[in-house]
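Colleague: Sequence:
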Amino acid sequence: MKIIRFIIQHLHNEEWFQFMAEFKKEVEATGGKTLNIEALFATWLVLFGKADELLLLIRKSQFTKAQEDTDKERDHIFSSILKTVEALCHMPDTKVQTAAEALLIVLEHYKKDILAGGYDEESGAITNLLQDLGGKYAAEVGTLNLSVWIAALTDAQNRFLALREERYNESALKPKADLQKIRLRVEHYYVTIINQIDALLLAAGYDSPDSAPAPGIVDPVYNFAVSWNERVKNYKTLLAQRKGRKKAAASEQEEA
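Everything in the sequence shown is counted per the working numbering, starting at 531 for the first residue and increasing by one.
Be aware that one or more of the hints could be misleading.
[Stated by the list, open to error] Result set (DSS-like, lysine-lysine): computed pairs, CA atoms no more than 25 Å apart in a straight line:
1. K766 x K777
2. K554 x K763
3. K555 x K595
4. K555 x K766
5. K706 x K554
6. K555 x K532
7. K613 x K641
8. K666 x K625
9. K613 x K602
[To be verified] Simulated restraints on C-beta separations:
10. G579 x S610: 44 to 52 Å
11. Q661 x R761: 56 to 64 Å
12. N675 x A646: 25 to 33 Å
13. R535 x G774: 13 to 21 Å
Everything labelled a hint here was simulated from the structure, so no lab data went into it.
These numbers come from a predicted model, not from an experiment.
The beta carbon of each residue, even a glycine, is placed where N, CA and C say it ideally should be.
Put together the whole structure using the sequences plus the hints.
Modeller: The structure is reproduced here in structure tokens:
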């Protein structure tokens with residue numbers, strides 16, 4: 531009997547972390563001393579802790595719900611301004627009507643990029659719109675009493691851009707490179723540990739896949755290997771299924 535191997539490097543970061551977290555739980559349940567891996571496991575724990583910290587930084591630096599909510603807020607505010615101006619175009623006050631009609635042309639010009647464009651297109655369109663509303667069309671904004679709406683859009687825009695800047699900041703990307711280095715070290719010690727456990731299994735006489743303790747004998751090392759192998763099989767299956775989906779998608783593209 532041996533611990534099942536597979537290409538751990540093919541696991542995505544979150545999958546990899548879960549795999550290693552399960553390994554940690556299994557080892558701690560059996561005991562590093564029982565498995566004769568105390569020193570190796572202690573080093574592994576330190577490295578895994580560093581990987582955990584880096585992954586947390588990466589999670590925080592990725593596109594967050596705060597950014598998504600702020601983007602929706604921009605859309606809502608712009609749509610509200612548009613509807614307000616459309617309604618004011620029908621006001622009996624000629625001055626208000628003229629101002630609204632002038633602003634409606636500007637809003638319609640940016641409408642597509644703001645409501646249907648990507649994040650960069652929308653951000654650029656809002657920046658240009660705000661410049662127009664605060665400059666060339668400032669008088670119309672005043673006539674229609676839209677200053678509160680414009681201030682709200684400006685605030686949402688600034689908050690969104692700040693979140694995007696944080697996402698792309700070089701200091702937020704550095705943990706990804708560091709994580710790859712730590713992953714390699716964690717994996718190195720993982721392989722060293724399971725090699726050590728394999729040696730224990732062989733020394734105990736489990737020299738074939740069907741080997742098992744004699745009836746009535748409880749062997750914690752053997753039990754660890756059986757339990758851990760079941761978990762490893764799940765991850766091997768996950769990777770096999772992913773590979774199968776990729777092959778199927780490639781075949782569909784070739785046939786198209």
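Colleague: Against each hint, give a clear statement of whether it holds in the structure.
Modeller: For each hint, the structure was consulted:
no. : hint                    : in the structure
1   : K766 x K777             : 17 Å, holds
2   : K554 x K763             : 17 Å, holds
3   : K555 x K595             : 31 Å, violated
4   : K555 x K766             : 19 Å, holds
5   : K706 x K554             : 22 Å, holds
6   : K555 x K532             : 19 Å, holds
7   : K613 x K641             : 12 Å, holds
8   : K666 x K625             : 17 Å, holds
9   : K613 x K602             : 16 Å, holds
10  : G579 x S610: 44 to 52 Å : 48 Å, holds
11  : Q661 x R761: 56 to 64 Å : 57 Å, holds
12  : N675 x A646: 25 to 33 Å : 28 Å, holds
13  : R535 x G774: 13 to 21 Å : 20 Å, holds
Hint check: a violation occurs at hint 3 only; the rest are consistent with the structure.
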